[in-house]
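Chemist: Given the structure of chain Y, go ahead and fit chains W, A and S onto it with the hints provided.
So you can see what is in the structure, the chains are spelled out below.
Number of protein chains: 4
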Amino acid sequence: VIFKRITSEGLSHHSYFIADGDEAVVVDPKRDVDTYLNLAAEHNCNITKIIETHRNEDYVIGSVALKEFSDSEILHGGKLDFKYGTQIEDGTSFDLGNLRFNLLETPGHTPESITISVADKNFSNKPFLAFVGDSLFVGDTGRTDLWGDDGEAASALYESLYNKILPLGDHVILCAAHGGGSVCGGAIAKRNQSTLGYERQFNPKLQKTGKNEFVKMKNGEQHVQAPYFKLMEEWNQTGKAPVHRVPPFIDPLNLECFREKIRDNAEVIDLRPPQAFASAHIPNSYNIWQAGVPAYFGWIASLDQPVVLVLPEQSDPKKVTRLLYRIGYDNVCGYLKGGFETWQNESMEIDAFGVADTEKVKDLMKNKKAEIIDVRKPDEWEDGTIEGSHKIFLGDLENRLDDLDKGSQYITMCAVGHRGGVAASILAKSGFRNVYNYLGGYTAWKQHHA
Amino acid sequence: VIFKRITSEGLSHHSYFIADGDEAVVVDPKRDVDTYLNLAAEHNCNITKIIETHRNEDYVIGSVALKEFSDSEILHGGKLDFKYGTQIEDGTSFDLGNLRFNLLETPGHTPESITISVADKNFSNKPFLAFVGDSLFVGDTGRTDLWGDDGEAASALYESLYNKILPLGDHVILCAAHGGGSVCGGAIAKRNQSTLGYERQFNPKLQKTGKNEFVKMKNGEQHVQAPYFKLMEEWNQTGKAPVHRVPPFIDPLNLECFREKIRDNAEVIDLRPPQAFASAHIPNSYNIWQAGVPAYFGWIASLDQPVVLVLPEQSDPKKVTRLLYRIGYDNVCGYLKGGFETWQNESMEIDAFGVADTEKVKDLMKNKKAEIIDVRKPDEWEDGTIEGSHKIFLGDLENRLDDLDKGSQYITMCAVGHRGGVAASILAKSGFRNVYNYLGGYTAWKQHHA
Amino acid sequence: VIFKRITSEGLSHHSYFIADGDEAVVVDPKRDVDTYLNLAAEHNCNITKIIETHRNEDYVIGSVALKEFSDSEILHGGKLDFKYGTQIEDGTSFDLGNLRFNLLETPGHTPESITISVADKNFSNKPFLAFVGDSLFVGDTGRTDLWGDDGEAASALYESLYNKILPLGDHVILCAAHGGGSVCGGAIAKRNQSTLGYERQFNPKLQKTGKNEFVKMKNGEQHVQAPYFKLMEEWNQTGKAPVHRVPPFIDPLNLECFREKIRDNAEVIDLRPPQAFASAHIPNSYNIWQAGVPAYFGWIASLDQPVVLVLPEQSDPKKVTRLLYRIGYDNVCGYLKGGFETWQNESMEIDAFGVADTEKVKDLMKNKKAEIIDVRKPDEWEDGTIEGSHKIFLGDLENRLDDLDKGSQYITMCAVGHRGGVAASILAKSGFRNVYNYLGGYTAWKQHHA
Amino acid sequence: VIFKRITSEGLSHHSYFIADGDEAVVVDPKRDVDTYLNLAAEHNCNITKIIETHRNEDYVIGSVALKEFSDSEILHGGKLDFKYGTQIEDGTSFDLGNLRFNLLETPGHTPESITISVADKNFSNKPFLAFVGDSLFVGDTGRTDLWGDDGEAASALYESLYNKILPLGDHVILCAAHGGGSVCGGAIAKRNQSTLGYERQFNPKLQKTGKNEFVKMKNGEQHVQAPYFKLMEEWNQTGKAPVHRVPPFIDPLNLECFREKIRDNAEVIDLRPPQAFASAHIPNSYNIWQAGVPAYFGWIASLDQPVVLVLPEQSDPKKVTRLLYRIGYDNVCGYLKGGFETWQNESMEIDAFGVADTEKVKDLMKNKKAEIIDVRKPDEWEDGTIEGSHKIFLGDLENRLDDLDKGSQYITMCAVGHRGGVAASILAKSGFRNVYNYLGGYTAWKQHHA
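Protein chains in written order, with the working numbering: chain Y, -4 to 445; chain W, -4 to 445; chain A, -4 to 445; chain S, -4 to 445.
Among these hints, one or two may not hold up.
Repeated chains share a single entry, so a pair holds when one copy, or any two copies, can fit it.
Here are the simulated DSS-like pairs of lysine-lysine, each with C-alpha atoms no more than 25 angstroms apart in a straight line [as the list claims (entries may be wrong)]: (1) K401 with K372; (2) K386 with K441; (3) K44 with K78; (4) K313 with K62; (5) K363 with K424; (6) K357 with K441; (7) K256 with K44; (8) K355 with K424; (9) K256 with K62.
Source of the hints: derived by calculation from the structure; they are not laboratory data.
So that you can see chain Y by itself, here it is in the shape it has in the complex (with noise of 0.2 angstroms):
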C-alpha cells in the first residue's frame, strides 16, 4: 500500500494518492496533477480512480484534468450535480488491491459533502482510515458558511459527525483535506497526524453538550470569503478550468515588455517581503509577499486584467507558477527579470512608505497623530488589539477607503506585519501618503502589553 499525503502550501490544502497493486486512487487533486502522473510512474501504478469528496473553493480541482490524462473516472457526491464525474450514493463501495473504499454521504459543510472510508480487507471489513474531506479537521470541524442556509449546515454537519464520521471508530486515522493555517477552518491544529478517536475526545469543536451548542457555535463563527472564490465555484462545478499536464511557466519580461504590459493596462503585484516594499517599490503597485500569495492573492489580484509580477531576488518562477496556476490566476502574464533591481537601475521612479517598531508606533500615535488600521480577521480581534484601532479587515480594505481621510496618517497592523504590508501598498496606491507598516504587529506589541 502506498499512501501519500500532498500538500499545497500556503492553501494548506491536502490531497491524497493511495494505491495498492496496479490501481491508484487519488483523492481531492490539485490543479498541477503532474505530481500524481509521477507518483503513479514511480509506483508503476494507474490511476483508476478520483474522488472529490466535495466542490472546493479555494482552489482548482484537478480531477477533470487528471481523468484528462489517465484512464480513470471521477467520482462526488449524489447531492450536487456537476457537470463531470459520477454522482455516487451512501454506501457505493469498490475495491483497489486487497483495499475497501467505502463512501457515505455527510452533508454539513456542503451538502453534497462525502467521507471515504478505507478498510484492509486482508484483515477486516472496518476501515483503518477516513478521508473526510473538509468535513472534520485535526482540531476543527468544517466551515458552515458556505452551504447557503446556515442553519441547516451546521444541523447537517452535527448529524454527519457523529452518526457517520465519528462511528466508524476512535481507531481510524484522520484524512482532511486542510491542515493548520487553510480559510477552510479558523482553527487546525499544524499536525497533520490524528484519530477520529482523538478528536473525538480532544478536538474543542466537538466538545460541546449537544447538537444546540454545537449549531450555535458554528453559526457564530466568522468566516471570510475571497472574491476569487466565485470562480472557482464556477470553475470546480462546471469543469471548465483550462487543462494542462503541467502548468505553463511564467514568463520573464525585460524592462520595456513589463513597461508595456503596464500601459495595457496590468495590475503590479511585488512578492517581495513587506520591509523591501516599503522602501522601494514601483508606483501604484500592491505588495504580497510570496508566501502569502495563495491566501491573500485572490483578495487583491484582479481576475479579469493582466496581472505582472516583481518576484524576490532568491524567488524561483517555477514555484510561483504552480501557487498561482493552483487559484486560476491564468491571467498572471509575466514577471519583470532581474526583478525590483531592474526597475531601479534604469532610474526609474520609486515609491515608498514608512515601517514601525513598537516604540515609533508608540511616537506617531501620541496625540492621536496617527491611527492604526487592524486588517486582521474578525476572528483574530477577538484575541484584542490596540484600544482605537480601525478593524477593517484586509480583505474589505479596497472598498472602505471612503470611510478613511487621505490627509491623515495611518499604522497598518496585522499579526507580525506582512499582511499590514499589504493593507499598505493599498493605501499608498490609493493615494494615502502618510503610511506606516507595523513591524511586528500585535504579535510585538503584546510582549510590551501583556
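Modeler: Relative to the frame of chain Y, chains W, A and S by itself:
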C-alpha cells in the same frame, strides 16, 4: 509539526524524524545519517534528541553517527548498558516545542525495549502517537527469540502490550520500527497506517484468549537469525561502527584490479537477476539479486574477507553503497566497472547452470532423477511444499552441503525464484554440476496444483 | 551567456540551448521539449528562435512542439520546403543579446543543411562557435547517402566544408549535431570538445589530397538506414508528429491486460540484458537490451502494431518513455508490471536459447556443426570476422531468414553480445531451435586470435 | 570522455572534471569536494589525479580534501613548495585513458603557475584543450599584483602567454580558472567558450604592440585584495584547512540563542537585499546581499569572532553554507531561524537608514547638504562618477571613517545599489545617522546624464 517516516528498503526498517519549533527528534536512525541532517537543514531545526527504542539486530544503528554531526543526546532503555547514550527510566518525559514525549519501558522483544508516546500539549497531555520499536507491528508482534530466554520474553511482551502500550488508547497512531517484509516479524502488513485500536481489534496476534495462549503462540514462532546479526549486536551495543557523514562510495574496478582482488581472496557477489546469472556468470561467484541485498547479503557474504560486486546494468552504485553500509559490509571494496560484460568481452571463463519452468521441473522430477531443495523459511514451509522436497533454509544451505550428493540433479526452489537463484549459485560454487533454479518457484507450482 | 549541450543518449544526438540577456535559441531540439522549457525557466529567459540545421532522419524533431509552448520562430535552410517554419537564405543573421548568429547554407549531408556561426559582438564580429549540424563531426564528416544522388552530395559536402565551414577559422568551437556512437557518422570521436582548427588538422576524413579523393572516400562509406527513418522523414518535413509538453508515460499492465494486448496482436519487446533473456523469456518476444533502444528499436519494432514491453529490474519506465518518444514509437502501449517475474510466477510458458563463451563457440563449431551469423554492420566486418561466418547485418536478418536452415545450429555474433542477443531472439521467434548467442562476440574472439 | 566545468557562483571560479576510461582528473577543485566525488560515482570512475594550476588566493583549495576521500595524487607547479602534493616540472606528462596530459610551467600570475594541455591520442599528440589556470581568461589576462614584484610578474606572464600558451595552437580550447565577475581579472567575458586562437586575435589585452606595452598595461591595472586572502594563502600553501566530505550545515538559532551569540561578541551579518535592510534591521548589523557573499563577505566579516546571519525569506541555508565554506568562514556559527521577522515579532529594537532614487539623490545634494561616497572599485571609477564624490572603495571604508563626519549627510553609491547597501550598513553601524543608499547607483545616474 514535521513528521517523516524514513524507510530502509529491503530491511523494511522505519526510522522517524519529528520536529516542532526549533528542534527535532530522530527515532531509531539508520546508519547513513545524512538523510536526517538534510531533513533538519530543510526544516530549519536542530536535532537535539535521538532515541533508540531497543538494541537493533538487523542494521547498524545511526545514533552515534548522528550525535557526531549534531548537538544532540542519545536516549535508550535503562535495562541494558549500551556503551553510549543515556539510559532512561520508565516515565521520563521531555518537551519538544509543543510536543511532549513520554518514555515507557516495554520489555519483550528485548529487555531494554521502550515505547515513546507523543502528546500535543495544545490539545491534551494524552498521546496522539506512539513509537513502539519492535514491540508491535501493523498486523504482527515483535520477535521474542532474541531476548535469550524465550518464555520470559513472550510473557514480558504480553505484559508490555496489554498493560502499557494498548492502554495508551485506541486513538493512538502506531509507529513501528519495521514494516512488511522485515525479518523482524513474519507477518507484518504491507500497509504502514494503523492505530493501537485497529491492532487491538484486528491484529491476529492480539486475538488470543489470554496470556498463556499468547506466550504459546510466540514461543511457537520460527525466526531466522542471519550471521551478520552478531556484528550488528557488537557494534550496536558498543557504538563502535565506523562513522561518516555520508557513506563512502564503493569504487569501480577495471578488470585487472577486479581480478587482482579475486587473487587476493575476495569473494565475488553478483547482484544481477537470477535469470541472467544462471546463463552466464563468473566462476565461483554468489548470486544475490539486488533488491535482496538488505535481507540476504548478511546470510551469504563474508564479513572478514574482501568482497567485490558485479552489478546489474541499470544499477546505481551509490544506492548499493547505502544498502551495504546500513548492514555493516564495510569490507565490500569494489565493483566491476562495466558489469558482467567487461568479463565476457575479455573472453574470460564463464559458468552457467540451468533454470526451469514448471513443465521442465515436472520433467526433471520424473523417475526421481532430480530432487527439489526448498530453501524458503520454516514459516513458509507451513503453506505446503512439493512432496519429497529437501527442506533446507537458504541460510543453512552452505553448512548442509554434506547432506547432498554432488553427482545428483537438484532443483532449487523458493517462493518465486530469487532465493532459488542464490541457492543454485551456492551449489554451483561448491561443485554441483546439475543444478536448476525453478523460475516462479512455489508460487508458480501452486498455479498448477491448487 | 548560457550555453548547454543536451545529448539524447543512445542516439548520441546533441541539441543546444544558448541564451544571452532575455532570449534563448535552441538548435536541433529533441521531441521531449520540456528539457528546453525548464532551462529557459531556470535561466529566466524566453526561447525566441529555434533552428533546424537540417531535416533529421534519426529522431522526431522538437521544433514544432517547442514553438507550441513558447513564443518563438522556427528557422531552417532554404533548399527544402518544410511544412512549418521559415526558410532562410545564406547570410541571414540575427542578434540575441550581445551575440550575433549568422546562417550559412552548407549543403552536403542534405541539400538544405545549414551552419550557424555565433559571434560575441563585445569582442568581434568573427565567430567563436559554429553549429554545423551533420556536416562535420569530431573525427568524422556527415553521411552523404541520404541526399539521394551520392556523387553530388559528397561533392557538395566538400565545397561546404572547405569553402564555408573551415574558413570560419581554426579558433572556432565545433558544435555538431551528433557525438560518438551515432549512426549518422561511423567514426565520431567519444569526445565532444573540438574546434574547426583541430578537425582541419587531425580529422582523418579531412586529410585527403583533394576533392576527388574526398568524394571517393565518402561514396565508399557504407551506412545503414533503419526502417523507422521513413516515419521520421515524413513527420519531420511536415511537422505532423503528435505534440506534448512532456511525453505521456507508458502504462504498467498487469498480467491479464498484458496478455490481452498480446492476443490483440501486440508485439512483445523485452529490454532485459541478453544473458537474462537467453535463459528465460516470453515466447515470441524480441530482445533489445535497454541501452540499445535508441539505436535498434527502430530496426526491429513495428510502427503499426501495438507494442508491449518487458523491462529490466532496475529500469525506470519514465526514462524508457523518453527513449521511445524521441523515435516516434507512440504505439508502445504498456509494459508488464513486475517485469518478467510476473510472467514466471504465474507459471506461464517460458522459452530459452543458448549462450556461449569462446570455448563453447569453438566447441560448437567443430565439425561444422554450428555456423556463425555475424550481425554487425558492414563497416565493422572490415575489421575481420570469424572465418566462414554468414555476414548478415542485424537489420537485414528478419528478411533473410530464408537463406538459413531452421534445422541447423547457429551462433549469433556481434561485437560484444548485445546485438547477438537481438539476432538470437529473431531466430528463436522464427522457429529456429538451436541458437546460441556468443557472449563477448568478436571482441572476445580477438583476445584469443590476435 | 566526460568533461565538466564546475563553477563556484559569485567567485566565478571554474574547476574541471575530466575522465576517460576508469580514471578522472580534477583541476583546481573547490573546497566542497562532494561535487567531484558524486561525479566520479555517477560516471563509474576513480579520481586519480588532482591538479592545482597555482596557489589560489580567493577560495580554499579542495585538493587536500579530495585526496582524503579518493585514492589520488596532487600535482602542482615546481616553483613553490606547498606543504602537500607533488611538485612537477615543465614537460611532465601522464596518460588518462586515451588522453595525454602535459604540464607546462607558465609563471606570471604567480611564480608556480602551470598550464596543462590535453591531447586525444586517438587523433594526435597535439592538444585539443588547455587548462591555463589564472594565466589567461576569456577576454582578459591574469592579475600580476599577487606575485610580489610587479614588473617581473608581468614580464613573466608575457613570456608564458606568447612563448608557451598561445603556441599550443589557435585550435586549442581555453579552460580558465575564472569566468566573468571574478576578482581575479577585471574584464573577463561573461561567456565561457573560447579558444587560444580567438583570444590571440580578439582578447583586448593581447593586442598590445609588444612586451613593453603589455607590461606597462599590466602594471597599470588596479586590483583589490580582500583581507580573507591572507587566510586562503596560509591554508592553501600548507593544506591545513579543516576537511569534510560534505560541508557541515550552519545551524538555525532561535532568538534566545541568537541573542546569546551577540552577547558573546558575534558579528551579525544580514544577507537580505539592500531595500529590505534599509528599512528595518538589527542594530549593529552589516548588510551583504546574498549573491554578494562570495565576493564581499571576505571584505567585511571577521574571521576571528563568531559570526551569525540573518537570511532572506526564500534563502536556502544549505546553499549559504557552501558559499561560506568555500571562502573559509568556518566561524559562521548560526542563522536566525525565521529570519528578520523573528526579531521584529518579538518587538526587538529595529534600526533603519534611507534609500534614494535619482530624483531624491539630486534633491539631497542640493546646496551641498549631502555628499556622495562612491564605493566602487578603482577600475570602475575610470568610467566616471558623480562630480564631487568621495572615492572610497567599499573594502577600505571601515578604515577610513575618520575622513568622514558623523554629523553630515552621506549618500552611498555603487554601480546598482548592492555595495551601496553594504557601505550604508557600515556607516550606520559606526554611528552615522544621516545615510542614504542610492538605489540604482551610477547605472541609474547615467540614464539621466549620458
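Chemist: Check each numbered hint from earlier against the structure, then list the numbers of those it violates in ascending order.
Modeler: none
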